[in-house]
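Respectively, the protein sequence lines represent chains A and B.
Add 23 to a position in the first sequence, counting from 1, and you land on the number used in this note's numbering.
Add 317 to a position in the second sequence, counting from 1, and you land on the number used in this note's numbering.
Since the hints were derived computationally from the structure, they do not count as laboratory data.
All clues given are correct.
Straight line, CA to CA, 25 Å or less: simulated DSS-like cross-link-like pairs of lysine-lysine:
hint : chain 1 : residue 1 : chain 2 : residue 2
1    : A       : K113      : A       : K127
2    : B       : K332      : A       : K108
3    : A       : K108      : A       : K131
4    : A       : K127      : B       : K328
5    : A       : K185      : A       : K209
6    : B       : K324      : A       : K117
7    : A       : K223      : A       : K33
8    : B       : K334      : A       : K117
9    : A       : K79       : A       : K223
10   : B       : K324      : A       : K126
11   : A       : K126      : A       : K113
12   : B       : K324      : B       : K334
13   : B       : K324      : A       : K113
14   : A       : K131      : A       : K185
15   : B       : K328      : A       : K113
16   : A       : K117      : A       : K127
17   : A       : K185      : A       : K113
18   : A       : K223      : A       : K46
19   : A       : K117      : A       : K131
20   : B       : K334      : A       : K108
21   : A       : K127      : B       : K324
22   : A       : K184      : A       : K113
23   : A       : K209      : A       : K184
24   : A       : K108      : A       : K126
25   : A       : K79       : A       : K41
26   : A       : K46       : A       : K209
27   : A       : K108      : A       : K184
28   : A       : K223      : A       : K209
29   : B       : K328      : A       : K126
30   : B       : K334      : A       : K113
31   : A       : K46       : A       : K79
32   : B       : K324      : A       : K108
33   : A       : K117      : B       : K332
34   : A       : K223      : A       : K41
35   : A       : K184      : A       : K131
36   : A       : K108      : B       : K328
37   : A       : K113      : B       : K332
38   : A       : K79       : A       : K33
39   : B       : K328      : A       : K117
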Amino acid sequence: MIQVTNLSKKFQGRFALKNINIKINREKVAVFGPNGAGKSTLAKLIAGVLRPTTGKIEVMGHDPYEAPFIRRRIGLVTHNPLLYKELTVKENLKFFLRIYQIKKGHTKIIEELGISNVLNERVSNLSRGYIQRVSIARALISDPEIIIMDEIMNSLDLEGKKIAMNLIRRFDGCLIFITHNLEESKFCDKFIVLEGGELKYYGNSFHEAFETLNVP
Amino acid sequence: MFLEVTKKDLKLEFKTKSTLCLMLLFGLSCAFLFSYVVGERELFLPLILLISIFTGIIGYSISFLREYDSETIDALKASPLTPQEIVMGKVFFNLFLMITVQFVLFPICFALFDVDGNFILCFLIFLVGNSSISLVITSLAPLSSKSKARELLIPILLFPVIFPSLVLTLKVSKAALAGFVDFVGLAIIAMYTVLILSISMLVSDHVV
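Looking at chain A on its own, in the form it has when it is part of the complex:
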């Protein structure tokens, strides 16, 4: 599903990611690493937001940066909500529905995330938890086959976390779950550890990933 080959990304002469090779199938993959490890950069590269400096990313056989149609099948949720704060929740979702050319089937996700009561509220008037729920709805309304979640749990309250975890557990596509909280990611099938832009571990064992991470 996702094939990353010799991937490197440089920002102003500094490597954010260096020579990464991974292959992800229809499975749930957790990504760990300290701040500045390159986790968000990897997420943005797979989502087609950034262009690799060197190397190649293939999502279902296509480069996500070059092929807009493949981005339709990827949902990106980050710790930054990527919403228009001056617009209402409904206006935000409507805009994304239009650019993803979706006409129906989105009401279920809105109800499931518990945001149907705030649809007419401006995003700027919502709490951080609700903004994050809307952000999840924005990414999932297109019913993507690949979901990339970059530290989304931090701003969610207990109920929000529960809803998000239920959605994640039920999801049967490819999930890339970036987190600082190792306990939250135990449900994943595979684990990636990044450090200083380098791939330190990629495998099935949570414990090995935990040890590689070298948490004091």
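Given the coordinates of chain A, work out where chain B should sit on it, guided by the hints.
For chain B alone, coordinates are given in the frame of chain A:
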């Protein structure tokens, strides 16, 4: 699809009214100040062109850079929109704002400077030139969007490129004021605008 970006920006603008108010405030201040201090009729067209450039830059700055500052550009880039569609959406939004501003500003300036001539023809021809200026500004401005000194870089990048549009708009508007339509001038404006837009579309993959 780019019209969805334009529609979204217009909706944002109608909610905040920040860009349009700023553009109008700047334009009206310049118009009143110059008409009071100088008041020369010959200054009418250069002044309104000058206002066009800066209102265009204000419009661009708020519409495009807002996406970068709030990182919503990442949501657009992660969507099925192409960089060309994102740029075109912004181009048409800025064009709409600039035309709206001119509908208010042009008649006021015309009256303030007590200009003699064919108002309607001059206004219509000026709108064509003004649209060219708006298109050139917005289509080239993303070039500076990734730079740290982008506010400084925009005018430096734009002025050499916008100069032909400015001179031609001045020329065709002057002719229109006297009651003539300079078709050759208009054709050159159109061709130049298409050329710059095409270049912008070709490089948008690398700059958005």
